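There are 2 protein chains.
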Amino acid sequence: MKQLGFVLIFTLMTGLLNAQELMGFSEANSAKQLDWEKQFDVQLNAKNQDEWMQFLSSHPHHVGSPQDKTNAEYIANLFRSWGYQTEIASYFPLFPTPKTRLLELEGSKPFKAKLEEPTLKEDKTSGQKAEQLPTYNAYSADGDVTAELVFVNRGIPADYDELERMGVDVKGKIVIAKYGGSWRGIKPKVAYEHGAIGCLIYSDPADDGYAQGDVYPQGPFRPAQGAQRGSVMDMPVYPGDPLTPNVGATKDAKRLDRKDAVTIMKIPVLPISYEDALPFLQSLQGQVVPQSWRGALPITYHVGPSKDKVHLKLEFNWDQKQLYDVIARMPGSEVPDEWVIRGNHHDGWVNGAADPLSGLVAELEEARVVGELAKKGFRPRRTIIYCAWDGEEPALLGSTEWAEDHQKELTEKTVAYINSDGNGRGFIGASGSHTLETFFNEIADNVIDPETGASIKQRRYARTIVQAEPSNRSKLLEDKNIKLGALGSGSDYSPFLQHLGIASMNLGFGGEDPGGEYHSIYDSYDLFKRFKDSGFVYGVVLSKTAGRVVMRLANADVLPFDFKTFYKTLSDYVTEVKTLLDNTRTETDVQNKMIKEKLFDIAKDPKKISRSPQLKEDVPYLNFSDLDNSLVNLKAAAEEFKKMYKDGLQLPVAKQNELNDLLYKAERSLLDPNGLPRRPWYKHEIYAPGYYTGYGVKTLPGIREAIEQRNWKEAQQSTQILAKTIDSYSQQVQQAIDVVKKNGEKRSF
Amino acid sequence: MKQLGFVLIFTLMTGLLNAQELMGFSEANSAKQLDWEKQFDVQLNAKNQDEWMQFLSSHPHHVGSPQDKTNAEYIANLFRSWGYQTEIASYFPLFPTPKTRLLELEGSKPFKAKLEEPTLKEDKTSGQKAEQLPTYNAYSADGDVTAELVFVNRGIPADYDELERMGVDVKGKIVIAKYGGSWRGIKPKVAYEHGAIGCLIYSDPADDGYAQGDVYPQGPFRPAQGAQRGSVMDMPVYPGDPLTPNVGATKDAKRLDRKDAVTIMKIPVLPISYEDALPFLQSLQGQVVPQSWRGALPITYHVGPSKDKVHLKLEFNWDQKQLYDVIARMPGSEVPDEWVIRGNHHDGWVNGAADPLSGLVAELEEARVVGELAKKGFRPRRTIIYCAWDGEEPALLGSTEWAEDHQKELTEKTVAYINSDGNGRGFIGASGSHTLETFFNEIADNVIDPETGASIKQRRYARTIVQAEPSNRSKLLEDKNIKLGALGSGSDYSPFLQHLGIASMNLGFGGEDPGGEYHSIYDSYDLFKRFKDSGFVYGVVLSKTAGRVVMRLANADVLPFDFKTFYKTLSDYVTEVKTLLDNTRTETDVQNKMIKEKLFDIAKDPKKISRSPQLKEDVPYLNFSDLDNSLVNLKAAAEEFKKMYKDGLQLPVAKQNELNDLLYKAERSLLDPNGLPRRPWYKHEIYAPGYYTGYGVKTLPGIREAIEQRNWKEAQQSTQILAKTIDSYSQQVQQAIDVVKKNGEKRSF
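Top line first, the protein sequences correspond to chains A and B. Per our numbering, the first sequence runs over residues 37 to 785. Per our numbering, the second sequence runs over residues 37 to 785.
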């Protein structure tokens, strides 16, 4: 009890400290802001979130469905009723839907896959069969293929290396891969690169089914016939409409021919349930899979090829569909041309309660109360724009097309983009531009977890320590701050951050909201209420958290960017890629030595096929001097700016505006106008989704992926590009210093 | 090709070097010894091993079975026919066999476990139902209990800590544990310590079934109804007849009352198949198990308790049975009172083809050819004793009772004990006293793997590197020597090494002989021939390897003990226990800090039971100075002896005998006459089976287990005892130095 008392007092003290000095606010404005936030908190109402989710999830609401449009209009009307200038922005991307889906096993024990998620009496929307999109992977190719089957584990490049060692080739075969271990689109892409002619992706119960917990409807986990829909477009090359890269898919935009759209998958791909997968896996012969490849089905997993052939036939309607992005503005009272954008998508694969509505209703409630406060005199200095995106599920369509359509204005005006995409019970998850880390930690200190009474920051810190390996805990105890994750892809921040260089964040709670409903008909209101966030308690906490981010960014005197945190993180990334290069060199040396000593040949089982690896080219040393020097300069600038940051609060308003303009545009200077190698749409030099991981981020992607691909020349070039990028970023920080300094000199005269 | 050529030349060169200098042999005697070994190799015949295995495995041959006696007589006759002085030594231990076995699930869906391994047409001995011992755990208690069931993972102490955190108590319950993760006897022992009244142990298919590979008869892995018999006697306290600790179980030995025998389990215990286990696991309710506890059955694993009660009834015949140890001697020509003992057990749980006959037939073929060579003039200097033990499976009965019965003579005369226990395709596995490591590496250099042409040492080295984490390979490449494993328990070396202080080794090939036949009716000749070592090729390699160990030990001029390797290993162990203490201290400090900061309370899911750990006593610093000083002295003595080792070859025979006596008795000085805390039968200060791991070794057991049990006083006392033990060992080495030195002085005069 004594201890808990201490924690409470500490929390109160932290609160008091914040009351005096809110980052980016003068003392007077801090007090006002905190007062508004107090009012904000008390008005947030979980019941609204519940009601909106009920309505919005009452029917399937995927792109092109009647409910998709209905929902957009419903949302737009809500925004309007709260006083926002609201419009629905429409775009017209290619969005294929299935016409034929056939999967069968030939041979003596023929089997035809059901490809159907059953209606459950415990789930009232699960029977809306006529309205549901069937289980499929969007942007799969049309195809009618018959071939032997090969099991490729997760279907990532390393798995094919292992198959090669086992003497198994997928050329001319159909592959079956487990979901997980990469974004799903990587699996058919890599399969195609290796010569496969078709791809099945299934949810293994080890990852997503009974091994995780009781299955629906008894528990929230994926039942035997549940399957995961999802896009397989090659989004690591570019997201959005495959026919209109770089420009908005307006009605009359110039479009590529479908055959020239590189992001459409080249082979047919189909997601299946573990019940459907079982007979196919049982037909596999050949070697037993490596231990780490095993799933939780009650069989011996073999790599294949299969005894019998598999027939996969897929045909799609390659239609253009209309998107409905809802855009709601509250113009800024002082600097209306500085925009704080907040977004969450509204389209789902089916009824989409958890994904995306749980996040969307938190955004709506946040927007409602901001509207209420505005009526009572809260006038944000900057413009706030609330967005509800359409078409996120197929390919971040709504956000990407809008961002491409408005890129010039967005580049000029946007201070930051704050995203969410689903929410549930548990711990704050926060990723984003590391310039916002200090700012976000201040907010996480101020928001209280509703079930424990600790701050959301304390709670996440506690879990990080408790879940860590005992040997790592000591080090972790030294830093109570939340370290922001780096953004890869998988939601609507991508076009803002990685294409336009707008500082972005992605926020959401989770970790105590288990489930296997993802992209299935069971992602329903009924499941959500039972297992995810019954009372929308964490919905309200997300409103509190994201609302503070939006309101403080919109009202700050000096925008709360901290270049020192960014420097530290960047410096860690540089250390990482250097270590990666060194480790690659050591491992190459060791492996080459092992090959020369014939160790692989001597160690292998002579009765099994087990090909020894080939000698690899030695790993050269790269010249990191320019990069190291650029970091030295950035460090100096970042530290100097941090020291004088508070002086900015004393600047006259015009100077503050000049300063703020420099601050939020700093992120733009992290773009390389030429973009990343082989995917020029991605221009951010620090954060990108992995070319071979998809959602998973690759920080310093130019250097890191070149090293991973053993392209030393490109790694060196990317190092030089990054050094220049950092130099221009440091110059931007230097300009901000100069603005504060000049005024400081004036003041001291 | 060039590289392989190099390997061959290198092998030849190594051969030549050895030809000149075989450890412990003068140049002339080296050449003779190598010549005998050449003759030995060519006479080894795989077909004999095949024939003997066929006969010996033709019927179940457990303790007390007709075939057990038949086999002993058959083996004795073979030894006699090869010229050995052969006797059958009989002992009369307690050996319970089942009378009643009943296991059922009560409630609305009642289920009665089959407890029966089905006959397979592909396995011709699997149908010998009348002769088979049913599936059971020997030395389980009688019992008739009905209670709720709780799943305890592996059933080791750490699992109960986890259960306590989940708020689950096993008091008055029956527990179900997975095989693996500890020796089986630990599971009911720990369950009993926690208040459980019954224990089921099942083979989960994740560890031992379809997840490992195709099941029998398609592949060699454990089928759905296969179960693992085995002893649950508390052998970490003492092995052998529970009624006659420390003395031979002769007909008229003084016996304990059964109720006073501490090694008999206190609760009923039954092993079951995964098919039998499934309904019991499905009846479990409560929390879902931690991820690492999951098995491969197609269910969600829960910790329990079960919805319905479980009824377990076991009754045993508590009979005395006769053991038949076969002891075959070839008296030494020069020092007949120095004995080299080689053993492998002959009893099986059922037909026991792999376990133990695959090792036994290799020993027999080795003995046969040694006998042949003797007829041709090979007269080993020392006495060779070949043993075929009975009753190893229940509790190392045959070896323990014989060793206890003859302890005085064995202590005086035994140079070393060389054990094997099963053998198959693959890599040499070698554990034992580290004084023999250098000697064994020389042998491993000389024996060629039959499938790759590399030496067995090269092959094992190659696999060690290939299987290592890439980051560990560089270090491992630095040392091509085989590091002997330390001996815990699980086979017949225990009484020799750990009770009598006789330098011991355990040898066997494996790693390319997968299977799940262990202790089941499917451990048959049919399975062995298909999956284990079809042509008995590795049986012959074991004969070659162990034969060399025996013949070189029997013939060496100066016994090939290397105290420097022992010192190095011992020094590593001391570093390990110091590190263990330091890590325990750090982890305690960190965890106490976490408890004081309430991190466990804040991190946990408020809707789940999850008890936070309690504050632990701080870990003191211990005084290691005496131990460190004893190591300094040992190092000096070991290095000095190593330098002058070859001088020993120049000593007159009488002096050599004096030296050899000191050398082989050095291991005796590693015994503490008082034995280990709470288990005085185990007297070796360096190697012991773990009190809570069973088979798994605990090196420096006194110190290590005291630290693990947080008994700091005992840890300090054990440190002092070890220091004294090492001092007396160093004195023994010093005496050996003195013997060589004195003579050296004479020679130089």
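If you are wondering where the hints come from, they were derived from the structure by calculation, not from laboratory data. Fair warning: this is a prediction, and the values are worked out from it, not measured in the lab. Take the hints with a grain of salt, since some may be wrong.
When chains are identical, the list treats them as one kind, so a pair holds in a single copy or across two.
Below, a list of computed lysine to any residue pairs in the SDA-like style, where the Cα atoms sit at most 25 Å apart [stated by the list, open to error]:
1. Lys-749 with Pro-102
2. Lys-511 with Lys-614
3. Lys-678 with Lys-701
4. Lys-565 with Ser-62
5. Lys-519 with Lys-632
6. Lys-634 with Gln-503
7. Lys-640 with Pro-506
8. Lys-74 with Pro-193
9. Lys-719 with Glu-653
10. Lys-287 with Glu-487
11. Lys-644 with Tyr-554
12. Lys-719 with Asp-662
13. Lys-511 with Glu-612
14. Lys-105 with Tyr-554
15. Lys-411 with Thr-136
16. Lys-749 with Asp-608
17. Lys-778 with Phe-463
(message) As a check of your reading, is Lys-678 near Lys-701 (CA-CA no more than 25 Å) within one copy, between copies, both or neither?
(response) within (17 Å within a copy, 73 Å between copies)
(request) Please work out whether the CA atoms of Lys-74 and Pro-193 approach to 25 Å or closer within one copy, between two copies, in both situations, or in neither? (result) neither (51 Å within a copy, 50 Å between copies)
(message) Treating 25 Å as the Cα threshold, decide for Lys-511 and Glu-612: within, between, both or neither.
(response) Both. Shortest intra-copy (18 Å) and inter-copy (22 Å) distances satisfy the 25 Å Cα cut-off.
(request) Tell me, please, which holds for Lys-640 and Pro-506 at an alpha-carbon limit of 25 Å: within, between, both or neither? (result) between (36 Å within a copy, 17 Å between copies)
(request) Since the copies are identical, ignore which copy is meant and state whether Lys-749 and Asp-608 lie within 25 Å (CA to CA) inside a copy, between copies, both or neither. (result) For Lys-749 and Asp-608, only the intra-copy Cα distance (23 Å) is at most 25 Å; the inter-copy one is 45 Å.
(message) As a check of your reading, is Lys-411 near Thr-136 (CA-CA no more than 25 Å) within one copy, between copies, both or neither?
(response) For Lys-411 and Thr-136, the Cα distance exceeds 25 Å both inside one copy (53 Å) and across copies (82 Å).
(message) At most 25 Å between CA atoms: does that hold for Lys-105 and Tyr-554 within a copy, between copies, both, or neither?
(response) within (22 Å within a copy, 64 Å between copies)
(message) Within a copy, between copies, both or neither: which one fits Lys-511 and Lys-614 at a CA-CA cutoff of 25 Å?
(response) Result: close both inside a copy and across copies, 22 Å intra and 21 Å inter.
(message) Checking an output row: Lys-719 and Glu-653, CA cutoff 25 Å. Within, between, both or neither?
(response) Neither: 30 Å inside a copy, 55 Å across copies.
(message) As a check of your reading, is Lys-719 near Asp-662 (CA-CA no more than 25 Å) within one copy, between copies, both or neither?
(response) within (20 Å within a copy, 65 Å between copies)
(request) Indicate which option fits the pair Lys-519, Lys-632 if close means a Cα-Cα distance not exceeding 25 Å: within, between, both or neither. (result) between (44 Å within a copy, 23 Å between copies)
(message) As a check of your reading, is Lys-778 near Phe-463 (CA-CA no more than 25 Å) within one copy, between copies, both or neither?
(response) neither (44 Å within a copy, 76 Å between copies)
When held up to the earlier numbered hints, the structure conflicts with 1, 4, 8, 9, 10, 15, 17 and fits the remainder.
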